[in-house]
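Engineer: Fit chain B to the given chain A structure using the hints.
These protein sequence lines map, in sequence, to chains A and B. Take the first sequence: its letter number 472 is residue 472 in our numbering, and every next letter is one higher. Take the second sequence: its letter number 176 is residue 176 in our numbering, and every next letter is one higher.
The calculated DSBU-like cross-link candidates involving lysine-lysine, where the alpha carbons are at most 30 Å apart (straight line), are:
1) B/2 / A/67
2) A/4 / A/69
3) A/69 / B/518
4) B/525 / A/69
5) A/303 / B/472
6) B/472 / A/156
7) A/25 / B/492
8) B/525 / A/67
9) A/67 / B/518
10) A/156 / B/476
11) B/472 / A/24
12) B/492 / A/156
13) B/29 / B/118
14) A/24 / B/492
With the Cβ distance kept under 10 Å, some of the chain A side facing chain B (calculated, not the full set):
15) 66
16) 67
17) 68
18) 137
19) 138
20) 139
21) 156
22) 168
23) 171
24) 176
For the record, the hints were derived by calculation from the structure and aren't laboratory data. Glycine is no exception: its CB is placed at the ideal position from the N, C-alpha and C atoms.
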Amino acid sequence: MFSKLLILLFLPLVSCLGLLSVGKKANAWAGWVASFVSLLGLGISLYLFQSWVHAPQQFSVEWFVLKEKSFTLSLQTDNLTLIMLVLVHFVALLVQLFSISYMHDDAGRWRYFAFLGVFVFSMLLIVLAGNLFLMYVGWELVGLSSYLLIGFWYEKPRAVWAAKKAFLLNRIGDAGFLMGILLLFWYFGTSELSVLSSQFTVNSLPFAVSGNEVTLIGLLLFCGAVGKSAQFPLSAWLPDAMEGPTPVSALIHAATMVAAGIFLLARIYFLLTPDALTIIAIIGGITMVLGAYRAIFQTDIKKLLAYSTISQLGLMVLGMGIGAREAALFHLLTHAFFKAGLFLCAGAVIHAVHTQDMRQMGNLRPKMKVTFIAYSICAAALAGLPFFSGFLSKDAILVEAFAWASQRTAIAYVLPVAALLSAGLTAFYITKQWRLVFLSRPTSEAVIHSHEIHEADKLMQLPMVLLAGLSVFVWFSINPLDAAHGWFFQLFPSKFSHEWHTIVATLSVIVAAIGISLGYICTFNHNIPSIVQQFGTLHDTIKKAYEQGWDSVKHQLQILREHDPETEQFLFLISPLQKIGQWLYHLDHKIVDVTVNGFAYLTVIVAHIIGRFDRMVVDGAVNGAAWLARFVGSRTRNLQNGQAQSYFVVVLVGIIAVILWVLH
Amino acid sequence: MKIPYLLSFFVFHPLVGTIAILLISNRFKHTYKWITLFFTACQVLVSGVLYSMYDTSNPAHQFVEKADWITLSLGNMGTVSIDYLLGLDGISFPMVLLTSVVMLVGAISSWHIDKREKAYFSLYLLLTTSITGCFIALDFFLFFLFFEFMLLPMYFLIGLWGGPRREYASIKFFLYTLVGSLLILIVMIALYMSVIDPVESQLTQTMVHTFDLRYMTDMRNYLPNSLLSLSGEVNLFGIPSRMLAFWLLFIGFAIKLPIVPLHTWLPDAHVEAPTPVSVVLAGILLKIGGYGLLRIAYPIFPDAANEYAFVLALLGVISIVYGGFNALAQNDLKKMIAYSSVSHMGFVVLGIASLTSEGINGAIYQMVSHGVLSAMLFLVVGVLYDRTHNRLIDSYRGLIGPMPIYTVLTGVAFFASLGLPGFSGFVGELFTLMGGFKSAVVPTWVAALGTIGIILAAAYFLWTLQRMFLGKLWAKNQDDLVVLYDLDAREKWMLVPLGLLAFLIGILPNSLFQLSDKTVSQLLKVFE
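Chain A extracted, bound-state conformation (with noise of 0.2 Å):
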């Protein structure tokens, strides 16, 4: 088992590193390696999955020895780990098959294929991680990963900027999450998760750690998946990723990387506190609304589908956070099909139109006919309506939401009835993306009689239609109203309370409908006046008013600087206080993504006040120093003789006085 876990986990890396050694001659057959090796690993997952029933195994291996204390890695496999590994398989392969298609013309295939199989082995490594310190390791590999690929178009700036800003948001997250890893080594010795595992069974609260402690260390390991899972406040990053090529965004920043967050959450269940698990699912519930919410705005087909993950990781999030871990992780599953799916569809149609503008979209219905079919599938998935996958999870984690409310306080139905409420905006935005992109008239003449618009091939085809087959509800469950005796639940039981799911169930179908009829009647380039359109103009409002304020400040910010104006707009570095710009301007988060280029601002501002301060007045004490030297020295000032003999004057002065000293 053990070899076969190392083999699986290796082969992507080698592949890798096969491919980036032949270079630009591997461009020819590069997807295919990688397909080859995808399939490969999906065979060896497929076996491994059979032996789901076994209980969990840990292998490790002694790293180092420090004080007689060892340092190990090790790898642990349960029925989590063997569905993970299919489905990361399993995407990976079909992201890859479309992929070669996609990326048919471009020079840099080879480089594409290798940064895939560094994703994916450091993919397996989050999930193969029997400790959280290997799972870090991976953590950070992911975001290698997805640096190079966000930014694998390098030559254009924003690809390169998004890449960065990916990078540093997520590093932040990190840094939460390594000291959370720090602090239970700290507590507990170990990062083992099976070892710490049994530590909070046996007693319910382990020796000599409050519950405080505990909570910390539980919200600064979640600070991890807030990072990597672009939760509040740190998901603007994931926008902005769409920079990069559209099958990456369908791997990465859809279905896999961005639910390592989720994952995470599952791992360390056992040590997240009641305290962690609110704040946890009050984070996810403003992720999820926020997410939808500005989903509702955007023209760009890719953003859209970005912020429409945003909400939906905000969903699962909030499941964790409410006790839903199995009902989060079950949508973990579906949304990683479908929004997958919706991603390489998304792809097909800009590859034939060459925009991502959606208003420039329109009518392409009757020229590709099987992305229409795959797209309105897993558009449906997404808008939860029944009969499809994501009806089946988005429904399992309401009714436990709404159950969780129940025991607790009037105000805890906010969280249920958010849910509710985005998940009409989410059928809203879908529908009127799918009606602009696939029937409605277009705007644009350009793309009315461009001929050029065909229907994707079969190796593009080939994997939305599985994504799309994937998301209907057969394979999950026999009863297309409920999940709780399919075989998902079957394998991680979970307590399913059922007094809430007729009324659940059939309010989130008439939530679902309203935002479809709504949705469908919406679209941009019909001007029909309604709530929507006037909460949009209410939102414009809102944000120039604040633009136009901080680009006062902005301007003044300038003159300060030094900066190549050109660069300027590339300024992004940290974003240590976003909190307080939320608090103030809750709802948008078009005014976050500014607050945050202001502390950017800040940030430079403070980096170039302190270098300011280190040359002046640190510096200042030396340069007198050495002026005086100088000026003492000034007849010995040729380098080649009078400074060695001035150093051996002054040293043996200091000698002959510091002798004269101690011995006084």
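Structural biologist: Quick look at chain B alone, frame taken from chain A:
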């Protein structure tokens, strides 16, 4: 198998090269660099031999060589005894390995030195001997001698082969280091007055004072009521003398390290120094500060180290954050990297101050890791400077176009330095931070502040990567575009092995930890 005088050979054989270079006429000056290369390569080989012979289970000094050097009878004040004493243990050995590698790389990067070759290469080999000697000496006097002797070649290497403000930079470097060594000298003499050699004193029935560092760590060898004895209530300026002595030593080594606010010599020295000297300066000389703390200040004054752990850790964290912010503000690539060194060396101080096994082993590891990576980073700057004589970050964009291999290796150096797992920087930062968190003497919030450093490192390295190397090709000076050709074979031979080394010790940290572990455990016994 025992090889007699192996360490002496190791330390002094580069001097043979110096003499050879001095003797060979200027007409054959093209041979100088080959001689330098030969002797530095020879040192790498010998350190390989040492590595294979080193006993990792033994915490004490190995390969010890001892000879009486100076013995003077001072009548009723006892006897002066200075020994020629060399030895390797888990603290010095990693530094020695680092030195031999970095000196070899520095020799390769000196290939294009084209003025006063004779002086340059003979000084370079002299520097090699004095640095190696400094790490191996076990007698305080001998240590100090080598320590001071480093200054001389360094001063001339910056002052004669440096950039436009070289005189300013070299005198600044000189002044700073001079102050530092004076402080160390004071403590050395005070220690000498207080410590006796128990064996010799027994034999001769007189007070034989000694500079042997091993005797200085044993409190039984201190004369009762001497200046620095543990029981002695000697106060100077109202401060207990042992505390004062510790601070003098600390400041002396902190200047080398450097710790904020004693760091301002570093950016100037780097900016003006020629590339190979920058490599040696950042790669090795800074480590002498950390090494001095571990070899001298901590074992001799454990009481003070324990008492001031909080302040020391705080100073380390301030260096981490302050250096990081400064690096963010720089427009000169070399200065940016110089400040990143300040930030990374802050981790060393944090680790040492933690007084934990993880922290101190991590600090030693971080010194080696930073030695390799900063050498690589300064070589990266040197590559660009050789071509265009302009290092300003905002003068370039999209260097990846004409220089893809260069950009990839720069990316490797940057990511390794910002602590990407798989490379050495990650392990160093992780274990120094872990020490800080675990430490009983350092508050958790201080260590937690240190994690800001890893965010800042990502910010300044990735921002630089974005501004200089990626995007569309552009240069402020159009003429530069012609000379931006990719790496030649010699440059690859410097950068690729360093990158591989950072990777190897990054995934196999045991290669270094096994050397230092036992010695560090021994050192920590005093603190328990």
